[in-house]
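Asks: Once you've looked at the hints, dock chain B against the given chain A.
2 protein chains.
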Amino acid sequence: MDFTEEQSADVVAASFNNTSDPRLKEVMQSAVRHLHAFVREVRPTIAEWMTAIEFLTAVGQMCTKERQEFILFSDSLGVSMLVETINGPEGRRTRKGKLEPTAQTVMGPFHMTKSPERKLGDNINPVGNGTPLVVEGYVMDIDGKAIPHARVDTWHADNRGFYDVQDEAGIPAGTGRGLFTADDKGHYWYRTVMPRGYPMPTDGPGGKLVVRAGRSIYRPAHLHFIVEAEGFHSITTHAFVSDCEYIERDVVFAVKRSLIRDFVVINDAEEAKKFGVTVPFRCVRFDIVLAPKET
Amino acid sequence: MDFTEEQSADVVAASFNNTSDPRLKEVMQSAVRHLHAFVREVRPTIAEWMTAIEFLTAVGQMCTKERQEFILFSDSLGVSMLVETINGPEGRRTRKGKLEPTAQTVMGPFHMTKSPERKLGDNINPVGNGTPLVVEGYVMDIDGKAIPHARVDTWHADNRGFYDVQDEAGIPAGTGRGLFTADDKGHYWYRTVMPRGYPMPTDGPGGKLVVRAGRSIYRPAHLHFIVEAEGFHSITTHAFVSDCEYIERDVVFAVKRSLIRDFVVINDAEEAKKFGVTVPFRCVRFDIVLAPKET
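Chains as they are written, first to last, in the working numbering: chain A, 1026 to 1320; chain B, 1026 to 1320.
Isolated chain A, as found in the complex:
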């Protein structure tokens, strides 16, 4: 077989025929076919190919222990979200007549520290100056039955769009984070401040490409969750703020319609007193449906 434009993918894929690891063989042969199809479609000049080489090299060289530019690049091309979707409940068999399990979305780079253990109702951001927020919900199975004592790990940016782990934040470690145990009805609740949307970093090649492409660099405001309970598939997800200006153009494509919630504005002083917050405050209900492990 000669190396021609038409045969190149076959020639290169065949070179992996003797790869002993069957998964490596499958992945590499698929990668080769799609990569060659892409090159045949865009027909890069040699200078353009060199630009791609230099771009990928710069992405790799931007990475440090604290910064993973290839994940940012993967995020900004929707690849991370696609992988999450494939591995989430949508990638598994659904059951007719049952509740849809809560959709999976990206974990993001800010779950670097263990969230502090909290008691239900705790204020996880006592230093924030933003609008107070009450978060509550039930963890349940696909029959709508409570999952008692489910573990609810939550973290989110503050009213300025900063996480505690960011140098610029200047807030105590653990602010905006909490590891809760739902009660015997699967109910959890906590207090915090309204999160704000924030930009992806644009000091590296991944972010610069998004800017050059004229795309929005923002993530819409959201709360992160990892919810776990024995016998169920864990879920990594977000609750998105419906009235955030970036909701339709998340730079990492993590928004799924089913994860958008109204964060209702409440001006009732009696209600505020009940939750120990001031008016106006916001309130969101975010129920979590977990799929049983045998599905």
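Simulated from the structure, these hints should not be mistaken for laboratory data. Possibly wrong hints are sitting among the right ones.
One copy or two, either will do: identical chains are not told apart, so a pair holds if it fits within one copy or between any two.
[Said to hold, decoys possible] Calculated pairs, DSS-like style, for lysine-lysine (alpha carbon to alpha carbon, straight line, at most 25 angstroms): (1) K1050 - K1233; (2) K1090 - K1233; (3) K1170 - K1121; (4) K1210 - K1144; (5) K1139 - K1090; (6) K1318 - K1123; (7) K1210 - K1123.
Replies: Chain B alone, transformed into the frame defined by chain A:
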């Protein structure tokens, strides 16, 4: 449009709809579609996706001013060769009843230094201990008409598989390199030693992957050429040694049938004397056909 497995490529491609540079838009939308198709096909686990992220990061971090691991990776997946093929004469219109222009192949990483100017017949590797080699040929147009005074730049590994620029080589800079001007009949010739095939570097992630895949890591023995003449498309190519053991499994897929030549063994002492070499020596004829610029 929701982010689902089926729609992910459309959602992400649409985010580039407002990219003002039309070429960037075209390339990124195509990249997104092929990348998502690949991910949907192989259905990576989150751990596998992370392995890919770490691999690409390691490739980027292996790069230095002297070492371009992303090019090696591109080479080993046949992408560099595909780009050369698209940009070479095969990618242009051919003319019926005319000679086929010489095929393009990769430049490789060893054309780092300007080749020294040589006179026709010069011995470009006087320090080599291998079998003497006489290289000769004609540079011609697609009608077979001589291209007088064409510039023939050649470089190649020595009898141990080393280029002069490699630290291990221990030979003077310029050894195995020459920039010749063909005579008024388009004829060029020079003396050197038989080149040997050599392995791609396997101390980086690109080479390690080739090893893990159970592929051969070798390049078959070859001579490099860049041939230029005013009014013609320049050509970057190789002459491959037909009896090299690696000829059917070049790690970078640069072999094209039309570039393989018999390097004829000659034991005739009279012939040897004519060329100023010793017996046995080898001789190869490598004619170059250049396409005119207006095609």
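Asks: Next, verify each hint and record whether it holds.
Replies: Here's how the hints hold up against the structure:
no. : hint          : verdict
1   : K1050 - K1233 : between (34 angstroms within a copy, 15 angstroms between copies)
2   : K1090 - K1233 : both (21 angstroms within a copy, 23 angstroms between copies)
3   : K1170 - K1121 : within (16 angstroms within a copy, 76 angstroms between copies)
4   : K1210 - K1144 : within (15 angstroms within a copy, 91 angstroms between copies)
5   : K1139 - K1090 : within (17 angstroms within a copy, 40 angstroms between copies)
6   : K1318 - K1123 : within (15 angstroms within a copy, 68 angstroms between copies)
7   : K1210 - K1123 : within (19 angstroms within a copy, 83 angstroms between copies)
Checked against the numbered hints given earlier, the structure satisfies every one of them.
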